[in-house]
Amino acid sequence: MAGTLYIVATPIGNLGDITFRAVETLKSVDIVLSEDTRVTRVLLKKYDIDTPTLSYHQHSSNDKVTEIFELLEDGENLALVTDAGTPGISDPGNKLISDLRSQNSDLEIIPIPGPSAVVTALSVSGFPTDKFLFLGFPPHKNKRKKFFEELAKRDYTVAFYESSHRIKKALKNLSEVLDEYVEVCVCRELTKKFESIYRGVISDIIEMDISEKGEFVVIINKNKK
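The sequence shown begins at 2 in the working numbering and counts up one residue at a time.
No lab work stands behind these hints: they were computed from the structure.
Be careful, since some hints might not be right.
To be verified - No farther apart than 20 Å at their CA atoms in a straight line, the calculated lysine to aspartate or glutamate pairs in the EDC-like style are these:
{"no.": "1", "residue 1": "Lys96", "residue 2": "Asp131"}
{"no.": "2", "residue 1": "Lys193", "residue 2": "Glu151"}
{"no.": "3", "residue 1": "Lys65", "residue 2": "Asp75"}
{"no.": "4", "residue 1": "Lys194", "residue 2": "Glu216"}
{"no.": "5", "residue 1": "Lys28", "residue 2": "Asp100"}
{"no.": "6", "residue 1": "Lys169", "residue 2": "Asp156"}
{"no.": "7", "residue 1": "Lys47", "residue 2": "Glu71"}
{"no.": "8", "residue 1": "Lys96", "residue 2": "Glu109"}
{"no.": "9", "residue 1": "Lys169", "residue 2": "Asp180"}
{"no.": "10", "residue 1": "Lys194", "residue 2": "Asp18"}
{"no.": "11", "residue 1": "Lys173", "residue 2": "Glu109"}
{"no.": "12", "residue 1": "Lys146", "residue 2": "Glu109"}
{"no.": "13", "residue 1": "Lys193", "residue 2": "Glu216"}
{"no.": "14", "residue 1": "Lys225", "residue 2": "Glu109"}
{"no.": "15", "residue 1": "Lys170", "residue 2": "Glu208"}
{"no.": "16", "residue 1": "Lys194", "residue 2": "Glu213"}
{"no.": "17", "residue 1": "Lys169", "residue 2": "Glu196"}
{"no.": "18", "residue 1": "Lys170", "residue 2": "Asp156"}
{"no.": "19", "residue 1": "Lys47", "residue 2": "Asp92"}
{"no.": "20", "residue 1": "Lys46", "residue 2": "Asp75"}
{"no.": "21", "residue 1": "Lys214", "residue 2": "Asp84"}
{"no.": "22", "residue 1": "Lys154", "residue 2": "Glu184"}
{"no.": "23", "residue 1": "Lys193", "residue 2": "Asp84"}
{"no.": "24", "residue 1": "Lys28", "residue 2": "Asp84"}
{"no.": "25", "residue 1": "Lys47", "residue 2": "Asp64"}
{"no.": "26", "residue 1": "Lys132", "residue 2": "Glu216"}
{"no.": "27", "residue 1": "Lys154", "residue 2": "Glu177"}
{"no.": "28", "residue 1": "Lys225", "residue 2": "Glu184"}
{"no.": "29", "residue 1": "Lys173", "residue 2": "Asp131"}
{"no.": "30", "residue 1": "Lys146", "residue 2": "Asp180"}
{"no.": "31", "residue 1": "Lys65", "residue 2": "Glu25"}
{"no.": "32", "residue 1": "Lys147", "residue 2": "Glu109"}
Claimed, not checked - Simulated restraints on C-beta separations:
{"no.": "33", "residue 1": "Asp100", "residue 2": "Tyr157", "range": "46 to 56 Å"}
{"no.": "34", "residue 1": "Ile211", "residue 2": "Asn143", "range": "36 to 46 Å"}
{"no.": "35", "residue 1": "Glu151", "residue 2": "Leu16", "range": "19 to 29 Å"}
Please read these numbers as outputs of a predicted model, since none were measured by experiment.
Ideal placement from N, C-alpha and C gives every residue a C-beta, glycine not left out.
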């Protein structure tokens, strides 16, 4: 009988945000599949979890997918985690699931829900969330301009991630395509020691002294009033 793959959400910063069910799952499985085993071991040590880890990330080869599939076929129970948040959300976990199901469509895959940076940011934005669009990370070079132009055409809340060394560029890109009175919420280092949330119209956000350190979620209120 094939084993089960658990998709386990882990804290996006504050290690206290893990769920009881996630801890129990990580303790009970045979192997934890980790984006970065060094990062995962910090979490496992925090909760006295001694389950062995195996690396799986966006650059993993087809041989690694085969290895994981064979472990499951041999009856091993595995947990997939990302460095922070929910696997499969702007993360290669969704590709692994697709690859595994293409080999065994009956494979049991169980979600262990928990933190997600985009949902956390949306929850404090104050913008309408009955309908929203999440766009992951903007392209670095090619298609970046088109990314922001398409974003500006929406009539509902839009969210995307951005890295520390591109946040200023992203805000400038937004100012070039948005009306100056469009509301924006920039969330930095959510749940961490230096968590910061900036709110205002895009023209004000551009003038704010936003630190270029950490991880960012940007929320734009494109809803028609």
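How the hints compare with the structure:
1. Our distance criterion of 20 Å between C-alpha atoms is broken by Lys96 and Asp131, whose separation comes to about 28 Å.
2. Note on Lys193 and Glu151: the hinted pairing is violated, with a Cα-Cα distance of about 32 Å set against a maximum of 20 Å.
3. As the CA atoms of Lys65 and Asp75 are separated by approximately 15 Å, the hinted pair is consistent with the 20 Å bound.
4. Only pairs whose Cα atoms come within 20 Å are accepted, and Lys194 paired with Glu216 is accepted, the gap being roughly 13 Å.
5. With a C-alpha separation of about 25 Å, the suggested pairing of Lys28 with Asp100 is violated against the 20 Å cut-off.
6. A distance of roughly 24 Å separates the Cα atoms of Lys169 and Asp156; the hinted pair therefore is violated under the 20 Å criterion.
7. Distance hint between Lys47 and Glu71 is unfulfilled; the C-alpha atoms sit about 30 Å from each other, more than 20 Å.
8. Our distance criterion of 20 Å between C-alpha atoms is met by Lys96 and Glu109, whose separation comes to about 16 Å.
9. Straight-line distance between C-alpha atoms of Lys169 and Asp180 comes to about 18 Å, which keeps the hinted pair within the 20 Å bound.
10. Proposed proximity of Lys194 and Asp18 is supported: the alpha carbons are some 14 Å apart, at most 20 Å.
11. A C-alpha spacing of about 45 Å is found between Lys173 and Glu109, which places the hinted pair above 20 Å, so the restraint is violated.
12. Restraint check for Lys146 and Glu109: the C-alpha separation of about 41 Å exceeds 20 Å, so the hint is violated.
13. A hinted pair counts as satisfied when its Cα atoms are at most 20 Å apart, and Lys193 with Glu216 qualifies at roughly 10 Å.
14. Of the pairs offered as hints, the one joining Lys225 and Glu109 is violated, with about 42 Å between alpha carbons and a cut-off of 20 Å exceeded.
15. About 13 Å separates the Cα atoms of Lys170 and Glu208, which keeps this hinted pair within 20 Å; it holds.
16. A distance of roughly 15 Å separates the Cα atoms of Lys194 and Glu213; the hinted pair therefore holds under the 20 Å criterion.
17. At roughly 17 Å between alpha-carbon atoms, Lys169 and Glu196 fall within 20 Å of each other, so this suggested pair holds.
18. Proximity of Lys170 to Asp156 is assessed by CA-CA distance (about 23 Å); at most 20 Å being required, the pair is judged violated.
19. With a C-alpha separation of about 24 Å, the suggested pairing of Lys47 with Asp92 is violated against the 20 Å cut-off.
20. As the CA atoms of Lys46 and Asp75 are separated by approximately 27 Å, the hinted pair breaks the 20 Å bound.
21. With a C-alpha separation of about 18 Å, the suggested pairing of Lys214 with Asp84 holds against the 20 Å cut-off.
22. As the CA atoms of Lys154 and Glu184 are separated by approximately 15 Å, the hinted pair is consistent with the 20 Å bound.
23. Only pairs whose Cα atoms come within 20 Å are accepted, and Lys193 paired with Asp84 is accepted, the gap being roughly 14 Å.
24. Proposed proximity of Lys28 and Asp84 is supported: the alpha carbons are some 17 Å apart, at most 20 Å.
25. For the suggested pair Lys47 and Asp64, the alpha carbons sit about 31 Å apart, so the restraint of at most 20 Å is broken.
26. Between the alpha carbons of Lys132 and Glu216 the distance comes to roughly 24 Å, so the proposed pair goes past 20 Å and is violated.
27. The suggested pairing of Lys154 with Glu177 holds, with an alpha-carbon distance near 13 Å, which does not exceed 20 Å.
28. Proposed proximity of Lys225 and Glu184 is supported: the alpha carbons are some 12 Å apart, at most 20 Å.
29. A C-alpha spacing of about 28 Å is found between Lys173 and Asp131, which places the hinted pair above 20 Å, so the restraint is violated.
30. Restraint check: the Cα-Cα separation between Lys146 and Asp180 comes to about 16 Å, which is no more than 20 Å; the hinted pair holds.
31. The hinted pair formed by Lys65 and Glu25 fails the criterion: a straight-line CA distance of about 26 Å is larger than 20 Å.
32. For a cut-off of 20 Å, the pair hint linking Lys147 to Glu109 is broken: about 39 Å separates their Cα positions.
33. Remark: the range hint 46 to 56 Å for Asp100 to Tyr157 is contradicted by a beta-carbon distance near 33 Å.
34. For Ile211 and Asn143, the hinted distance range of 36 to 46 Å is not satisfied, since their beta carbons lie about 26 Å from each other.
35. Checked against the hint of 19 to 29 Å, the pair Glu151 and Leu16 fails, with Cβ atoms roughly 37 Å apart.
Consistency note: the structure conflicts with the earlier hints numbered 1, 2, 5, 6, 7, 11, 12, 14, 18, 19, 20, 25, 26, 29, 31, 32, 33, 34 and 35.
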